[in-house]
Structures are given as C-alpha cells and as structure tokens.
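Trainee: Required output: the full structure, derived from the provided sequences and hints.
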Amino acid sequence: MTKNLWFLTEERPKKEVLQTIFQKFAKDYKYAVFIDPLRIFPVLEDGKFTFTYEVTGFRCNKVDKVFIKTVSGNSSFTDFLIFYQEHEPIQTDTPIYAIEETKTDDKESRNTGVYQRCSKFVFIQNYYPTVKKIMLYNLQVTQKVKSTETYIFGTRLLLTLGVEILGKKLDESVFLPFQNIEEVIDLKAKMRKAPKGNVGILLSKFADKIEVSGRLYKSGGLSHDPNIGALSIICAVLRRLRWTEKLEITQHGLQQKHVGKTNKFIQIANKLDISLQNLTIPKAESNENYWKYDTEGEKLGTIFIHLVVENFTQGYSIFENHAGSEKGYFITKEGEIIPLAKYKDRTKYKSRR
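In this note's numbering, the protein residues as written are 1 to 353.
It should be emphasised that the hints constitute simulated quantities derived from the structure, not laboratory data.
Wrong hints could be hidden among the right ones.
[To be verified] Using 27 Å as the maximum straight-line C-alpha spacing, the simulated DSSO-like pairs for lysine-lysine come out as follows:
| hint | residue 1 | residue 2 |
| --- | --- | --- |
| 1 | Lys15 | Lys103 |
| 2 | Lys3 | Lys62 |
| 3 | Lys188 | Lys205 |
| 4 | Lys299 | Lys133 |
| 5 | Lys218 | Lys196 |
Mentor: Printed below as a string of structure tokens:
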C-alpha cells in the first residue's frame, strides 16, 4: 500500500521549505517526483477544521498524500519531524527526518546561526537515536562570503554528530567532521578569545577528564541558550569520538538551586554523563513523549488564517510571528527583506515578562 508523508511542525509551513524537503526525500529514496506550484489546504470534516493540512503539487508514485499537522514539543523540539508511513504518526513511530530550519546566517548572528540550534540535535537522540538529522538554512539574507570561526567550528561539530547541512554552500575542504578529540581541542584553542570579563568556551584535557569552560547562568537560572547548545554538542561530539572519562563544565556561574530536574541541559547531562564543577546533577525527570498534537491556542488560529490568505487570495504577509520567537523579517513594497530586532529596549522588554 502506498504510504503518505506526514510533516509534524510547531511553525507555519513554508512552501520553499517544503519543496527543499521534497527534493531531499526524492534524492535519498531515489524516487522520481514532480513538483508543481505547491498549495496548502486545510482539511475539513462536516465543515470543521481537523487540525490537518494537505499539500498539493507534489507527485510521486510512492507517495499517496502529503499531510501537515501542528504539534507542540515538550522540550527542545526540532522544527520538523517527517514520517513516511500510511497512518497518522503516533509517539512510538520513528520519523525519517528531524529538521531544524533557520533563517539566520552568521552574517546576522554567530551564535544563533549555529550554536543555539545544536542542543536540539543532541536532545532528540534521547527519543529517536537513529533519525536522520538535518539543519536547513532558509536564508532571507545573502550568505556571508567568509564564514566566521564560530560558524566553522559549530558546523564541524554538527557534521561530526551526523547532522546534514542543507541550504548553504559549504567549502568541503573546510567543513569536515572532526576525526579525533585533539582536533576539536586544537581548533577551539586557535579561535579568537572571548573579551575580557567574559567566560570563553575552552577545552582542557587531562588523563582522567576533559574540562569545558562556559557560562550557563543567565536571567536568574540555567538558561544561556547559545552556550547550552555549544556545550551540549561539544560534549556529545567528545563522546562520539570515544571519550569515556569524565566531562566537566567549569566556570558555569550556577548555584545548586539553579539545577532543576526538568531543564533540557540537565537531561542532556544525564544522557552524556556530564558533570558541573562543584555541583551535584540530579537525576533528570524526562517527559515520556517528545511531542504532542496541538489542538488549542492562538498559534493555531493565526497559522490557519495565514495559510488561507496565502493559498486562497491574492494577499500576502509582510510580517509574521505566530505566538513564538521565530526570527522576524519585514518585507517592503519593493521586496526588500529587513531583519528585525527582537526588542528595541532589552532591559524594558525583560522587565515586563
């Protein structure tokens, strides 16, 4: 029986992203496909929305239909889980792809463009250890000609972890997986040092342990997302490269009261056997399910309206943010894409939360 493709996502599905994923699917499975202009339709039953969308314009003899369903991740969820099967996915099914989509180039942000996403690829291994992991760059600005040291190091870590990069042109002589632990330590040591007063990420290898310095304290707790991503993937890569001794995070800035049982980094630390200097890491309380179907909330309504306008009218969006923190861009009447700051006054914004 012909299977369906199921896209589970927290975000508004974008046609250009769907097309890239279709092309990737066709290449991996060696299927002949035809891609016409894509359209996304809400599926109705008895005049009511079923919280399911169907995609038309993709044709393949090995795929019956393509469906999209909105989900919520319980923690650190990748932007897409793709299933290739007949029936609607359930928790125990295994996806073929876990895809993280980002619009951010290292021209805009070195950390957000790579590090902040890394923890998602480490975290998902707790639930789907064999899934194919993909970082998909849906760039809204021109790719930076010369990559930053941060981007090169972070991307090489991703490649070592088995993450495939789509949507960027990478110099294959530069962007290679690390072959051994010394190579990781040496490249990090050669990178530009952190400004005076900041805690830089550095690796120090001893006979019985590797220390990785990096601040994790932010806004009153364990919430420094770029460093959580960076330290998570560094430790995951060191384990992948067969380091079996102690891994310890130093200069983290945390106190014992900041180390909760449900934090995503603590869950990763449990899985990778990471310790925090001078602190005790508790046994993490992990959610049994990685995701759940979403059937209520503001985001469902705004995504629905956006897709209806886009697929049934001549209208289009010049800005969107569907109850989340996805990076925003404003499109001018000339078609120019302008990156928007998350807030104008950071201190004032944070004080209202």
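Trainee: Compare the structure with each hint and give your call.
Mentor: Structure-based check of all given hints:
| no. | hint | in the structure |
| --- | --- | --- |
| 1 | Lys15 with Lys103 | holds, 14 Å |
| 2 | Lys3 with Lys62 | holds, 7 Å |
| 3 | Lys188 with Lys205 | holds, 12 Å |
| 4 | Lys299 with Lys133 | holds, 26 Å |
| 5 | Lys218 with Lys196 | holds, 18 Å |
In this structure, none of the earlier numbered hints is contradicted; all agree with it.
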